[in-house]
Amino acid sequence: MISKLWLRMVMFVCAFALAGAVQAIPSVPDETYEALGLDRGASPKELHEALVKRYKDPEQGAGKGTMGDYWEPIPLSTYMDPMTFYEPPTSMRDKADRKECVECHTDESPVWVQAWKRSSHANLDKIRALKPSDPTFYKKGKLEDVEKNLRSMGKLKEGEQLKEVGCIDCHAGINQQGKIDHSKDLIMPTADVCGICHLQEFAERESERDTMIWPNGQWPDGRPSHALDYKANVETTIWAAMPQREVAEGCTMCHYNQNKCDGCHTRHEFSAAESRKPEACATCHSGVDHNNWEAYSMSKHGKIVAMTGNQWNWDVSLKDAYSKGGQSAPTCAGCHMEYEGEYSHNMVRKIRWANYPFVPGIAENINSDWSEERLDSWVVTCTQCHSERFARSYLDLMDKGTLQGLAKYQDAHDVVEKLYEEGLLAGQKTNRPNPPAPEKPGFMIFSQLFWSQDNNPASMELKVLEMGENDLAKMHVGLAHVNPGGWTYTEGWGPMNRAYVEVQDENFRIREMVALKDRVNKLEGKRTSLLDLDSTAEKISLGGLGGGMLLAGTLALAGWRKRKQNEA
Amino acid sequence: MISKLWLRMVMFVCAFALAGAVQAIPSVPDETYEALGLDRGASPKELHEALVKRYKDPEQGAGKGTMGDYWEPIPLSTYMDPMTFYEPPTSMRDKADRKECVECHTDESPVWVQAWKRSSHANLDKIRALKPSDPTFYKKGKLEDVEKNLRSMGKLKEGEQLKEVGCIDCHAGINQQGKIDHSKDLIMPTADVCGICHLQEFAERESERDTMIWPNGQWPDGRPSHALDYKANVETTIWAAMPQREVAEGCTMCHYNQNKCDGCHTRHEFSAAESRKPEACATCHSGVDHNNWEAYSMSKHGKIVAMTGNQWNWDVSLKDAYSKGGQSAPTCAGCHMEYEGEYSHNMVRKIRWANYPFVPGIAENINSDWSEERLDSWVVTCTQCHSERFARSYLDLMDKGTLQGLAKYQDAHDVVEKLYEEGLLAGQKTNRPNPPAPEKPGFMIFSQLFWSQDNNPASMELKVLEMGENDLAKMHVGLAHVNPGGWTYTEGWGPMNRAYVEVQDENFRIREMVALKDRVNKLEGKRTSLLDLDSTAEKISLGGLGGGMLLAGTLALAGWRKRKQNEA
Amino acid sequence: MISKLWLRMVMFVCAFALAGAVQAIPSVPDETYEALGLDRGASPKELHEALVKRYKDPEQGAGKGTMGDYWEPIPLSTYMDPMTFYEPPTSMRDKADRKECVECHTDESPVWVQAWKRSSHANLDKIRALKPSDPTFYKKGKLEDVEKNLRSMGKLKEGEQLKEVGCIDCHAGINQQGKIDHSKDLIMPTADVCGICHLQEFAERESERDTMIWPNGQWPDGRPSHALDYKANVETTIWAAMPQREVAEGCTMCHYNQNKCDGCHTRHEFSAAESRKPEACATCHSGVDHNNWEAYSMSKHGKIVAMTGNQWNWDVSLKDAYSKGGQSAPTCAGCHMEYEGEYSHNMVRKIRWANYPFVPGIAENINSDWSEERLDSWVVTCTQCHSERFARSYLDLMDKGTLQGLAKYQDAHDVVEKLYEEGLLAGQKTNRPNPPAPEKPGFMIFSQLFWSQDNNPASMELKVLEMGENDLAKMHVGLAHVNPGGWTYTEGWGPMNRAYVEVQDENFRIREMVALKDRVNKLEGKRTSLLDLDSTAEKISLGGLGGGMLLAGTLALAGWRKRKQNEA
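First to last, the sequence lines map onto chains B, G and E.
Counting with full-length UniProt numbering, you get residues 1 to 568 for the letters of the first sequence.
Counting with full-length UniProt numbering, you get residues 1 to 568 for the letters of the second sequence.
Counting with full-length UniProt numbering, you get residues 1 to 568 for the letters of the third sequence.
Simulated from the structure, these hints should not be mistaken for lab results.
Be careful, since some hints might not be right.
Which copy is meant is left open, so a pair is good if it fits within one copy or across any two.
As the list claims (entries may be wrong) - Computed list of lysine-lysine pairs in BS3-like fashion (alpha-carbon distance at most 30 Å, straight line):
1. Lys131 to Lys517
2. Lys99 to Lys324
3. Lys319 to Lys99
4. Lys157 to Lys418
Using the sequences and the accompanying hints, generate a full structural model.
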């Protein structure tokens, strides 16, 4: 396995040499150059232009998406998708040059300005003065790359140095010299704007579209990823359908990394050290259906970071974190940005389970070559600290434990699906309105987590949906992040066992009621049949629901697949 | 809006000048001077006396309260309300002067003494030696104010300096010179004792009584607040009623800030820096019905503090936290102690929702002038870091999202209320005993969260009660603290959706049973009516419950209002 | 009480003097020397040999245990119980001396090596050079003790100094000089291997077997403890029975402290400072049924540590933590490793409630002399910071609050037990399969938390089981760790109140159904009896369940007792 890594590294170096491409960015995979129709010798300008063309293309995921007609932005949407919704403020007609920006905003929004003053952006000369002995010396190289990019794009003259990156550079145009008019020129920087200077990071991030390709379309191409997380958001039917736009915007407030970089690099210091800390990921990667933060932070890994992390040097590059930074336990970035010993902003190259083991095709794929190769890449990650035997023992436990949870989920699912097929769920025949468009009716579908009306969904239907969407996801995440309570008793298996018990209890009670009704029917001299209705509901029309029920099994899987295709 | 702030500041300065009051404390609002019948020129002694008179008045919230006959203190109550319950220890008859206190307690309770030795109290000369360049220089001014207060109250001679604040100063009397007798003289310091020296902070805190006045009595005058949180505690009927006094004391262990200052300023270091940290608020402002800590600490705001806070200087005053302390993200104290650019111990001047959107009159009030003015004050807070447009966009989302949650709650509420009106809740007619006095029976009332017996309350009744009291509160708190998972899926909307589904399921099952019973009744030749009883329960008397049920809708609202009037 | 402490200390010193034992380790209690058949003058070699003999004895808790025939290890088991399952890697035949180990593993698993290089193990000369003024000077004494142990065991010559503790010393043999063969000589160090050098700590830990003796066999001798936590694991019937071995391994991943020391002292730095931090205990002592971490970390105690801990010196010994380390609030280790003013690795000498108040005999014992003596020891702990009156007030609240929770649990338990006795739980008579061997069927037994099938268990049966196992445990833990929300509303009483309400609701619904069936029976002209079956299930045989039900009450208690006897 280790030798396999060496082989790959050799191949990588060879590929690089063969390309003869002085300008290629080694960390950007071939898949991306190919997808963009570029060879590896493309200039920064060419690469950026090709990336931006795709990035801004509505056909490839930009903007409101295919369900855009169903929803209207709210005021905050302006900041979640500025490319689509942002307009400069008409109330503010002042013109300002780069100095005036800073002066005025020192009063207007002082903490912005203070944060910026601490940033690398405001201190480029300090970066230039770094000595090779400094553990952050790598930043000097970064700055040189940035200037090379700017020269390639004609934003910086040959020999000219970038003096600073101030308000105006990101909010109007890099290296802008004149005055800008707030009401006309102001922009909210999107990822492509950051990508002018930080082309490598932008290209790495965009390469997620090209490397996260599932063998059987378990998820749509390029997903899940940061690169297409906004598309995933706006093309989730229930997101587009919900009348409660402010509730829905809660999804958007994490699903906007496609559009902006400040989810991880908070404004206006944009500290790399900050974004390397596990807490940088916590606000989004947490909660009832993807409790990565909770699982990690309660694991021994996470606790060692909590106990000793304040003694590490977080300013060193990820590559040097263990060797020069004093790091002694894994972080989110340390494992998920790593791939075969290299670090980049493509975080999806080792994805195998994608958090959601119940998505059709995921479990079936877990022992495929595709998946085994990614498992081998995980072993590379783990063997920084552990032996290969230990790493493989644990990863084996992770896979098998996940499959055990999946089986328990399936047992409960089958009980409720049978009730649904028999028309026995509460109110199923009489009081189950359709969800709002563009969502369509279905059995145990994602939208029921966020939308309900009368008896749609039934309680046990939602219970099993949550069992798959939340509990099984947490079970896998607990396994993946080495948090025993996270798959055995607090999350995962324990709650799934409880849900199963409730489902079985309800199944008994429903059938007990059916049997009693049968007896009363007989006493009343009626004929009993599967399609007999509740006496309280006899006069309510069945409408067009009947046919759909026969397809329930298929619909259920289709529902999940569809849902996952619509989420990042 | 910004100009509005300027206007207020100008008015404030004018008011100050007009008063001609050298002795007034600018941070104490006019409302308080008025309530106390003082003009702004009142001396420290006059102000303290007036505050203490009100503070110790049982008619105005001191002591056991109007339900005091229903409960007895437990041993720990001694320390929660020392003014009412503390007696010096009869077993301890030693007399000691200020040096002997320290000597003996260095053995008896060493960590106390060590903490005190680190405190400002033990190091007044260090405070006096602070240079203007020191970021904590403001403490020197504080000490001068303290000595001015003591002189005004005759506790310090003209020209005399306070040497230290030792054990004896707080536990027997400030600047006490002789020996004290443990069995006679020992006191547990209440807020008024701290207020002798820290008059400004005490007066600011007490001003919460005067500024938290709701336009339609949504909550009682002066509440919620720290200033009256003990009154809120002891006048909650179920608190007084519960036989489980040790469970009830759990409430008191947070609801005692009215009585003592050590909830935020822990003994015996009383570090201001500590009390400025978000964790200082966490133990009380957390949990199932007011998860402020969880929402904040998982938000991006909270995570930035977690990641970078250890590089800040927490010793600077709140006013200087951003500019001199290096603070880069908001803290509890930073936002909630701020009002129109000034900081004080009055934390309720921007309250609009009070955590509980389902309290009658709160939502109806949210667009009133009263509320809009407080919203404008929030904009002042947010624009330290954000643009006004951004701030208003977000605050708009917060209000609308909260209203969406309220509507979902109301839908579920109405389903269960109808069941109650029809007498259909489990055991409602036959097995629903009254709660213990002074609590009164009712539908969906606060006390059911902590007291239950037989079928009081019914399961769905409690479910919807928790939906309002817990889930909707968490939804608002998540919105208010910018934690997307906190209102969309993990807390708030997701759980409310689930509760709604369970309520609808149960509604179906109950009515299915009623319908089946009707058919059996018919088969038995019986007449069916709304007041027909379960066959298992026919012989149990209905007692006096019938009439109350007709008023259920009104009672429900009255129950919440009453509850909230009884909580801080 | 304080004088009682003095008395004990005097007795302790006398006992020590009388023993005339130069070699005795004062922190190892007499009980252990007696259990091992040694007098206190035993040499390190004698003590170690006696300890190891017991430690490795399958009759006394080593290895697979009495249910070993029912389960097979998984690959990861190798590392959880290396004494039983570890085999050197056959694929790795390289031989290496101590230098070569380090050289090769610097490439193979670099972070291991870096961690080791920071450790005391790699820097013995730095330890030797410590000056008495250094707060970690105590480590020099430790090293001298280690060398004394090694000399006694013949591992170090007289006058020889230990040069380092490298890979080879722990993974092949201490002070090993030659080459080792990976495929033959490699070991995974168990606690007895650490105990060669760290004899005192090993002996202290092993003394838990001898001091955790319950007055009425509430738990088996020596449990709960770290010393026998693996035995507790493998002798829990459901653990051995579960087909889902990877789920079960989640239990083992905490229940392995008996076998290894790296649960608290993480490899390969083995930092004592790290293991003193509360987070070191969090991964295991957390979660739904023993939320010690959550309760503590949300308490004021825990929050003070979170706020101020980064200013303390965690390198000082626990004994000096408050006085020299600047500690100002309690930690896990600070309270639980302390006993009568001394610190050791025996953490069970003050155990009274053992987290699980519903285990038969625990509550009944809580005012016994045995328990009062342990309470007095807690008072010694608390009075480091608090007055004795305060400490006793609080501990009284803790005990009484726990008993209140127990009573509520018992009320709910009785309702469900009655349903079970009457055969009325869902599917009880027709659809309740037995659990897998060696687990036996029963009512409300521990195994139902992790195993379910069809209608075993019933939903309310599991609800009350969780009420006792989880909610009541959390209630006590919240009380014990001074976290008001942890026993009053978020955990403990609030959830128990909710569970009680659900149980009563279900009880009503079940009996309502029974009554209605009775009426239908009458209409059908049938005779009704207690043993009448559901009409849907009439043809299914009852099997051998009938008899057991009559013993339900007894079985229930027996089930818990058995369970607890099988857990650490």
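A quick look at each hint next to the structure:
1. For the identical chains of this complex, Lys131 and Lys517 are neighbours neither inside a copy (85 Å) nor across copies (87 Å), given an alpha-carbon limit of 30 Å.
2. For a Cα distance limit of 30 Å, the shortest separation of Lys99 from Lys324 across copies, 22 Å, qualifies, whereas the shortest one inside one copy, 38 Å, does not.
3. Taking the shortest alpha-carbon separations for Lys319 and Lys99, only the inter-copy value of 26 Å comes in at or below 30 Å, while the best intra-copy value is 37 Å.
4. Within a single copy, Lys157 and Lys418 get their C-alpha atoms no closer than 71 Å, and across copies no closer than 75 Å, so neither meets the 30 Å cut-off.
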